[in-house]
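If you're matching them up, the sequences are chains X and Z in order.
All letters in the first sequence, in the order written, are residues 15 to 129 by this note's numbering.
All letters in the second sequence, in the order written, are residues 702 to 810 by this note's numbering.
Hints are computed from structural coordinates only; laboratory data are not their basis.
Hints may contain errors.
[Claimed, not checked] The calculated DSS-like cross-link candidates involving lysine-lysine, where the alpha carbons are at most 30 Å apart (straight line), are: (1) K769(Z) to K38(X); (2) K758(Z) to K782(Z); (3) K769(Z) to K802(Z); (4) K82(X) to K802(Z); (5) K92(X) to K802(Z).
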Amino acid sequence: DAGVIQSPRHEVTEMGQEVTLRCKPISGHNSLFWYRQTMMRGLELLIYFNNNVPIDDSGMPEDRFSAKMPNASFSTLKIQPSEPRDSAVYFCASSFYGTNTGELFFGEGSRLTVL
Amino acid sequence: GQNIDQPTEMTATEGAIVQINCTYQTSGFNGLFWYQQHAGEAPTFLSYNVLDGLEEKGRFSSFLSRSKGYSYLLLKELQMKDSASYLCASGGGADGLTFGKGTHLIIQP
């Protein structure tokens, strides 16, 4: 079975440019999460969706960040304009709400470098 | 809110046993999770505790005390491939997980 698929795996861009990260969750999962990981702050939850509806975006650092989930099989995280402090690994994870554990399945991550 | 604390780094010897501790303070509790993350890779699920006590899974065991807000991950018969970061996380259900910053475990020959 295919796991969570993220693209791009690596992106290097210049400050001020728009960045779009993409995620395809595991088929049948109804919850999707965007995390950001840095050495200093660890894994931080940015936003999550249940049944394609954004539930909590309190972790989104500022208005430059936005996320959408137009359907059950696709989500995007957009940064516009990007800044060097946005450099991090961005993980998408999905789960099936209703299981006993609520285990998250992570994609391989998108490593973003903003120069 | 949620606050999760775990040691930043630990060192252990191949073949030995190591215990990684985690303390948590959460406004709601649906379970305590442990994830393993090798450098440059995604976190992968190791264990889940929702009731007090010890859960054993092969060389790995996880313990939970809800009254103390405390958990540990026990790794036995350490192998070099166990060198990784171990992330303690609280939450679960529809609201996702809040992660600690992780414990970087170094295994020495």
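These are the hints, each one checked on the structure:
{"no.": "1", "hint": "K769(Z) to K38(X)", "in the structure": "violated (39 Å)"}
{"no.": "2", "hint": "K758(Z) to K782(Z)", "in the structure": "holds (17 Å)"}
{"no.": "3", "hint": "K769(Z) to K802(Z)", "in the structure": "holds (20 Å)"}
{"no.": "4", "hint": "K82(X) to K802(Z)", "in the structure": "holds (27 Å)"}
{"no.": "5", "hint": "K92(X) to K802(Z)", "in the structure": "holds (25 Å)"}
Violated hint: 1 only; the structure is consistent with all others.
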